[in-house]
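Number of protein chains: 2
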Amino acid sequence: MEIPAAELDRYAELVVRTGANVGRGQLVFVGGLLGHAPFARAIARAAYRAGARYVDVRYVDRHIERGLIEFGPEETLGWSPPWLMERMRATDGQATIGITGDPEPELLGDLDPHRVGRSRMKDLTEESLRLLNAQATNWTLAAFPNEGWASAVFEQPDVGRLWEAVAFAVRLDENDPVAAWDAHIDRLERRAAALNALDLDAVRFAGDGTDLTVGLLPNSHFRAARFTTADGRSHIPNMPTEEVFTAPDARRTEGTVRSTRPLALRGQIVRGLELRFEAGRCVDVRAETGADVVREELASDEGAAYLGELALVDGSSRVGQTGLTFFDTLFDENATCHIAYGAGLTAGLDGDPPAEGFSTSSIHTDFMVGGPEVAVDGLTRDGRTVPLLRDDVWQLPE
Amino acid sequence: MEIPAAELDRYAELVVRTGANVGRGQLVFVGGLLGHAPFARAIARAAYRAGARYVDVRYVDRHIERGLIEFGPEETLGWSPPWLMERMRATDGQATIGITGDPEPELLGDLDPHRVGRSRMKDLTEESLRLLNAQATNWTLAAFPNEGWASAVFEQPDVGRLWEAVAFAVRLDENDPVAAWDAHIDRLERRAAALNALDLDAVRFAGDGTDLTVGLLPNSHFRAARFTTADGRSHIPNMPTEEVFTAPDARRTEGTVRSTRPLALRGQIVRGLELRFEAGRCVDVRAETGADVVREELASDEGAAYLGELALVDGSSRVGQTGLTFFDTLFDENATCHIAYGAGLTAGLDGDPPAEGFSTSSIHTDFMVGGPEVAVDGLTRDGRTVPLLRDDVWQLPE
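Going down the list, the protein sequences come from chains W and E.
Heads up: the first sequence begins at 21 in this note's numbering, then just goes up one per residue.
Heads up: the second sequence begins at 21 in this note's numbering, then just goes up one per residue.
Next comes chain W alone, as it looks inside the complex (with noise of 0.2 Å):
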């Protein structure tokens, strides 16, 4: 089954308007695999017709990735060829959509780990997040249906079924989903500033294997996923987005996490993942499967091995009620708490970072800790403690 020519491009239109929301003039950078051509091309179509001045799509190939891995010479294995550090440079100012929605999210489980954690752009991430955090591109995320992510969700390539799926989580089902998203966005900024009212210290999760304080900074802020640029730009940058997040103290976090969720990580499935941390570092990797990619990415750089986000989701998520684990951390990190190791994200702090206690790393992992199990409290600066999650349910008053 391929979905409907009609729905697709109703979807590309949110995706570039309330998502990217591209402005007249704009280059449009869109980056996906080479199974998400449908998308991009509905995407290009949307954006010039939201006035783009030039739509550049990079298709990505796992399996030259993979040729590289395999068989390359290891001094280009972590390479940012030139043309693209040009590339990403270009982004700024503009806007960017990336397609999620790996069709063969295990393509690379039979690899040297070593090898496919090395194999990552370095210096080609790095740029992309310091675009990130200066708020440099209006920019988002969405994902496209394909047989082979259908199949790692269903195990049979039901695209029908993920589509509906991703279809609710994006609002698609919504007479006026543009309507839809502001109310959303609205009531997840409402939960924001009510977290920001407490003045809280750190956030505590605890159950399910999980024990875990992650302290945070005089100016950690929580905010929902509605970004505007330096330019003044408003963007969403997830589609879907259900989290409130904030930028921790990356040097007090303390205790072990058990992730609650597989995690698809540079085409291997990390599954059963813990982490202990200790003075805000992680000090010890366990997986059923994929630690060693996971080790590698943590030896990557100093702030690599650090907490640099933490958000809040809850079972009211659209994501989290279609009950699917989607191998995808777009949707899978928006359907309950997630953490992320390595670098801090800007847009979590009220001013500029502090000195210390900012994570710096060309890394940002995502990972789920969150589920009906895990209790979530805030710990306030005033000493109390704050339930804010029980049994999925949001404690505080909406």
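Keep in mind the hints are simulated off the structure, nothing from the lab.
Certain hints may be false.
[What the hints assert, rightly or not] SDA-like mimics (lysine to any residue), calculated; alpha carbons at most 25 Å apart, straight line: (1) K142/W with L104/E; (2) K142/E with P101/W; (3) K142/W with D76/W; (4) K142/E with D76/W; (5) K142/E with K142/W.
Place chain E on chain W using the hints.
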């Protein structure tokens, strides 16, 4: 039917080692359409096995180009993005492999031909031709049989039959294709030497609606398509190749030429093309279909309307023996004699280009003018007329 993996790997090895002749430590730039992924992957693996430092594959999606032509602004219609210029410049001193075999050769056929014509990336093509004439890269072109292309050839998606024809044309049916290629190019080089020994002043094509005389330069030099880069690396730029070619005197083409095969050009099929030349310049274009795209190309710069290449191919050509029209210039130009309007090829000269009479352009478009009904004669500087081809049979001693 898919091409068996082992056969595709053998083909990729031939293209990488005999065609581009990839050297240890080289960057390898692969360019193809989305439908070429299986071949691009085989090429990448073969290139790494041959010692490539890094393989960069750029996939072009003609549907994105279609979006630009349909909905994009005039200002970026022929724009060359700086990151693609950077990539092109990076090919200097490296290896390049282009994949042909268009899955949708008529994809742009229903669009405004003037906008189609202007959508070409002019600066990028100019840079590409500059590197070509500077012998800066060891490069080759090879085709990947796919369903869409097979449908254009056979009116049904018979990939197996197309693969058989392609494998025959590139001598993969031989036990030792590398030795067969050596012997084949040696024979073409003897043919070129015999032509050069005649000291020709012009070549005349006559018959089947054609009466065209193409003047040659004092240093026009026939050669086969085995090139050597400025760095001294030999390569075969076309697989297949069956031609001996030269650069003509751009000022001295006279008469009318009727193309003997359809021409796939920028997503359209040009049928029944007829061009009239006066004092070197094309002054009239007619065609049953696609005339406007040709007119747009000829108008793109000063040199575009002059001839830049003259190539002779006889009926012993393996491509010609298949009896097929491939709707792919790499194949159809190697089935029969062809000429090209636009940029002259310095490889077709003995020494440097003269101050006048050598065409410079951002265009170089080959089209087919030979066949059993077209007699080809050489006119020598001392006034003799020497038959070169009669009824597709080569007339000089071999």
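Each hint, compared with the structure:
1. K142/W with L104/E: holds, 21 Å
2. K142/E with P101/W: holds, 23 Å
3. K142/W with D76/W: holds, 22 Å
4. K142/E with D76/W: holds, 17 Å
5. K142/E with K142/W: violated, 33 Å
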